[in-house]
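So the protein lines, in turn, are chains A and B.
First residue of the first sequence: 1, per this note's numbering; consecutive thereafter.
First residue of the second sequence: 1, per this note's numbering; consecutive thereafter.
Quick caveat, the hints were computed from the structure, so don't treat them as lab data.
Where hints are given, some of them may not hold.
Each pair of labels, with its calculated beta carbon distance range [stated by the list, open to error]:
hint, chain 1, residue 1, chain 2, residue 2, range
1, B, Ser124, A, Ser274, 37 to 45 Å
2, B, Ser124, A, Ser322, 20 to 28 Å
3, B, Ser81, A, Thr412, 46 to 54 Å
Computed list of lysine-lysine pairs in BS3-like fashion (alpha-carbon distance at most 30 Å, straight line) [claimed, not checked]:
hint, chain 1, residue 1, chain 2, residue 2
4, A, Lys376, B, Lys96
5, B, Lys54, B, Lys96
6, B, Lys54, A, Lys279
7, B, Lys54, B, Lys22
8, A, Lys358, A, Lys279
9, A, Lys188, A, Lys121
10, B, Lys75, B, Lys96
11, A, Lys350, B, Lys96
12, B, Lys22, A, Lys279
Bear in mind the structure is a predicted one, so any value in this text is a computation, not a measurement.
Ideal Cβ positions, reconstructed from N, Cα and C, are used throughout, including at glycine.
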Amino acid sequence: MERVRAALSAARRLRQLLPEEHAPAPVEFTPALVSFVAFLGIASVTLSIVTFQAVSDATTLLIGGVVILAAAYCSVRMTDGVDSLWTAGLFVHLALTFTFGPVGVIVASTTQAAAFAARMKQGWFRAIFNTENFLLSGLAAWVIFHGLTRTNHGVLWGALSATLAATVACAVNTALLAAVIALASHGKVNGASVFLRSMASLILYNIGYGWGAFGAVLLYHAAGTVGFTTTLLPIILLQGFLVLLARRIRAQELERAQHTMEREALLQQAIDASDVERKRIASDLHDGVVQTLAGLALSLAARGSGPTEDPQLLEAAGTLRSSVTDLRTLMIEIAPPDLEAGGMDAALRKLLEPLPGKGIAVELEAATATHIPADKTSLVFRVAQEAIRNVVNHSQATKVVTTLRLVDGTLTLQVADNGRGFSPDDRSRRREEGHVGLHLLNNAVEASSGSLSLQSEPGHGTSLMLTLPC
Amino acid sequence: MLKAEEAVIRVLIADDHPLMRKGLADILNGVEGIEVVGAAEDGAAAVALAYAVKPDIVLMDISMPGMDGIEATEKLVEMDSHVRVVMLTSYSEREKITQALAAGAVSYLTKDAPPEAVIRAIRSAAQSTAP
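All chains, please: the whole structure from these sequences, using the hints.
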């Protein structure tokens with residue numbers, strides 16, 4: 001009893017080592033699919049009965065079955081996201097097939113299908129189909145191998161026959177799988193294409209397995225059970241190593257995904273905090289300095305335009321008024337008031353307003369009241385603001401064309417100038433000097449599944465393009 | 001003489017910032033035909049004062065503590081259909097300006113407007129009160 005408990009505990013620990021698999025979508029039973037699987041079932045049972053031979057070595061068969069069960073249960077995904085698994089069980093399957101014939105095929109097929117069903121939570125229908133598929137492909141391999149080696153007992157011939165048999169088994173297995181996928185998808189998936197792609201990825205493994213499985217046959221004939229298991233050991237150890245590796249890779253992927261999420265959250269927090277801070281500064285300016293300066297400008301103007309006009313006071317009042325105007329522009333820059341109420345086009349117009357005064361002609365193409373989802377407005381505005389700021393401060397341009405479009409849920413914002421442009425070296429230098437505005441924005445844009453591209457050439461202007469799903 | 005008295009435009013200033021109130025009063029008190037009849041520091045005070053002094057024009061700041069300029073404008077227009085409200089803003093908030101005009105203001109000025117523009121806006125608004 002203690003031993004059973006220990007074995008169960010060990011199995012649980014093994015289960016925890018494996019990368020987690022999610023159950024596939026439920027099967028949609030159609031007459032064609034059910035008929036096909038039923039037909040395969042009848043064919044499998046009939047062929048198993050017709051070809052059945054007495055069990056010659058139950059011990060080795062049992063060892064082979066247990067190894068297949070464990071190896072198939074510990075299958076490893078070849079590539080993340082691809083529905084393809086690697087298991088040493090396929091090799092042992094061929095070894096049992098070539099060594100023991102149809103009875104070896106039956107043991108290998110049932111254990112392998114059972115292990116897949118348990119590990120992948122495939123359900124009974126897929127388990128039945130897998131059993132049929134393994135049986136039919138295994139029997140096909142056995143027919144080829146047995147037929148070719150019945151009269152010719154040469155070692156090289158045997159190895160070549162086993163290789164050919166394994167290739168045929170792979171082809172039968174893949175063809176049946178492709179057919180059932182095509183049927184289950186109501187013909188939406190091209191079965192031939194699935195077959196060719198799967199064959200291309202599996203054929204080399206199967207050639208190698210076939211040749212290696214013939215080694216199991218030779219060792220079994222030379223040294224019985226010990227010889228047979230000798231061939232299995234290295235590949236079982238390899239599978240164990242791969243399970244650990246797959247688990248480590250999966251853990252690293254999860255950690256990376258976690259880091260990405262945390263980085264995006266931090267970035268968003270930084271943007272939000274920056275927005276709050278900008279609004280606070282704008283509000284402080286509005287409530288304090290702007291009022292004071294505007295009031296002082298009026299008072300000075302009143303004094304200056306009294307019975308004895310004082311040009312100096314009037315000039316000072318004018319200077320204060322233009323300071324108030326500058327502050328207004330600054331407030332619009334740091335906390336755009338029209339962003340949500342007037343639409344992005346209104347906000348862009350405000351951003352571009354000071355440019356003609358600086359000798360830069362402005363062209364704006366934007367749909368009236370272009371409303372962008374609230375969570376994206378701030379980002380779009382920041383990009384436009386940074387681009388326009390760069391035009392004013394660095395481009396020496398005489399014209400800037402700004403285009404804003406929102407078509408089929410994709411927003412594009414382009415700010416293009418006819419200025420002096422820059423080379424990639426110039427850009428690197430500027431980044432080294434600490435000008436990282438666009439770099440930070442690029443991170444924020446990517447975090448929102450968008451893209452930011454900058455095109456520039458010395459003497460040929462600069463174009464910044466933002467693309468963002470909205 | 002009576003006509004001259006009637007022609008004086010009585011202005012009430014509503015702004016929470018003392019320097020703005022003082023600056024506007026300094027400008028307007030020196031203008032012939034305009035008289036500052038009161039100054040309020042928030043919307044509620046502006047409504048109360050307007051009830052007492054019956055101004056022709058109220059120069060109303062939008063953002064004020066407590067009752068803001070928009071709510072005060074609604075109340076003023078409701079209380080006295082002859083009063084004309086000119087909004088004052090240091091921020092060209094399109095949405096708030098639209099709200100103020102919807103509430104009954106007849107025009108708006110930004111606070112960096114030169115004194116002549118303030119006077120012009122008051123005279124223009126006063127003319128719109130003439131029967």
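Indices of hints not satisfied (ascending) | Failing hint: just 6.
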